[in-house]
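Given next are the chains, with one letter for each unit.
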Amino acid sequence: MTYSPPDSATFIERVAADPCCAAITADEYLDAALASRAPVIFILRGNGLTLGSVVRRIHAANKLVAVHVDLVGGLRADRASVSWLAGSGVDAVISSHGQLMAAIRHEHMTAIHRLLLGRRSQLDSAVSAIGHSAPNIVEILPGVILPSVVGMMPRFDVPVLAGGFIRTAADVQAVLAAGALGVTTSSQALWGVA
Amino acid sequence: MTPDLGPAVLPSVLIVSDGRHSVYPPPGIDAGVLVRDTDLASLVHRANADDPPQAVDIDSVAGLGGDDAAVDFVMGRLGIRIVLTRRPQLAARVAGHGGLGLVHVFAYDSTGMSRSLESHPGIANVGSVLSPGLVIVHLRPEELDRLPRPVVAYGLIDELDDARACGALADSIVVRPALAARLAASLVPA
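For the protein sequence lines, the chains are A and B, in the order given. The numbering of the first sequence is the numbering used here, which starts it at 1 and goes up by one. The numbering of the second sequence is the numbering used here, which starts it at 1 and goes up by one.
Hint data in this document are derived by calculation from the structure and do not stem from the laboratory. Keep in mind that the hints are not guaranteed to be accurate.
Claimed, not checked - Chain A stretches covered by chain B per the calculated footprint, using a threshold of three residues with CB under 8 Å from any CB of chain B:
| hint | region |
| --- | --- |
| 1 | 34–42 |
| 2 | 49–63 |
| 3 | 83–93 |
| 4 | 139–147 |
As the list claims (entries may be wrong) - Distance windows between CB atoms, simulated:
| hint | chain 1 | residue 1 | chain 2 | residue 2 | range |
| --- | --- | --- | --- | --- | --- |
| 5 | B | Ser119 | A | Arg57 | 33 to 39 Å |
| 6 | B | Ser114 | A | Arg57 | 26 to 32 Å |
| 7 | B | Gln89 | A | Asp78 | 28 to 34 Å |
| 8 | B | Arg146 | A | Asp124 | 29 to 35 Å |
| 9 | A | Gln173 | B | Ser22 | 40 to 46 Å |
| 10 | B | Asp72 | A | Thr50 | 45 to 51 Å |
Glycine residues also receive a C-beta, built at the ideal position from the N, C-alpha and C atoms.
Go ahead and model the full structure; you've got the sequences and the hints to work with.
See below:
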C-alpha cells in the first residue's frame, strides 16, 4: 500500500500542538526521539538512500518525519531525490534550494525552505526567494536569535520554524513568543517540551 | 612581495562601508573601516583616498578573484592588512604576508559550526569571523574557546545592547555607521 503523507495544514497543526521537534544528526539519537513527545523528527544526517526502515519506525511511533535533502548522504538536491524521498514515505522535505519547493509540493509532501540568516543585507534577497519558492513553512537558522532580529524580519505568509542553538526552555519560549510556529532542536531535554 | 607595513592591528569596532562613500570612525571608540559588497574599482579608489580602509571582505568584491594574486594585490598594492574570507588558504596567505587573515565560521547551528571549524587553518595570525555575529552571546564557553582568535562578530548586530554584549565576547564587532555613532555617543559622559 502506498503511503500518503498528511497535507501541509495537518503537518503544521501537529507542530503547533507540540512545538518542540527533534532534530537528529545520527541514527543513535533515533530511539530517544521516538520515545519523546516530539511530533516530528527532522533527519539532518545519515544515508538518504536507506531511510525506509527509519521512516517506518517513526510512523509506527505516530510521528511525522522531515528530511533535509541537502544534508543527508547519497542524495543530490534535485527533483529526482525529492521523488525518492516521497517514495520512502517522508512527510516533509527541507532544503535551502528554493527551486525544489514546487517539486516537494508536487509530491504532496510539506515543503520547508531553510533560510540562513547571516547579514541584514541578505534579508531582502531571502524574502524574494521565499516569495518565488512558495514553501509551506520557512525554517530560520540560527533560530535562537529570532527574538533579537524579528523586528528587522519581513512578515512571511507561511509559518516559521526556528532551529539552531536552541538549547533551553527559555530559548524555546522566547522563540515562540517571537512568533515561531515551533522549533527544531538536537537538545534531547527539549524534545516535546510544551 | 608586500611592503612591510608593520603588524596588523584589529580595531574593536569595524564599520562597514560599500567603498563608494567615505566612512569616518567616530571619535571615542577604537574603530576602523571594513569595505564589503563593492567592486574592484571602488575598492582601489577607496584605498587610495585619504581615508583608506583597515579591512576588506575580499569575497564580496566584484571583479576580484579568489586566489593568491588577489591577496597579493589587496595587501601589496592597496596596503590593506586585514582580510576577511571564506577561503582558508587565502587567510593563510594573508598571514604569510604579515597581515591578519580572518576565516568565516558559519554558526547557523552547532553541528554546522563544528564542520565549518574543521576547515580553519589554525595557524598564527589567522582568526575567525563568526557569522552571524549576534549568535556569539548564545555560544557555550567551550564553543567560544574553539574559535581561533582573534574573533570578529559579523552580522545582524543592529542594536546598542547587542553590540555591547557581542563586543564583550569578541575581539571586534562589525556594525553599520549609525550604530558606531551610537556606540561612541554612549561612551560620552553625560
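To see whether the hints hold, each was checked on the structure:
no. : hint                            : verdict
1   : 34–42                           : violated (count 0)
2   : 49–63                           : violated (count 0)
3   : 83–93                           : violated (count 0)
4   : 139–147                         : holds (count 4)
5   : B:Ser119 / A:Arg57: 33 to 39 Å  : holds, 34 Å
6   : B:Ser114 / A:Arg57: 26 to 32 Å  : holds, 27 Å
7   : B:Gln89 / A:Asp78: 28 to 34 Å   : holds, 30 Å
8   : B:Arg146 / A:Asp124: 29 to 35 Å : holds, 32 Å
9   : A:Gln173 / B:Ser22: 40 to 46 Å  : holds, 45 Å
10  : B:Asp72 / A:Thr50: 45 to 51 Å   : holds, 48 Å
Against the hints set out earlier in the document, violations occur for numbers 1, 2, 3.
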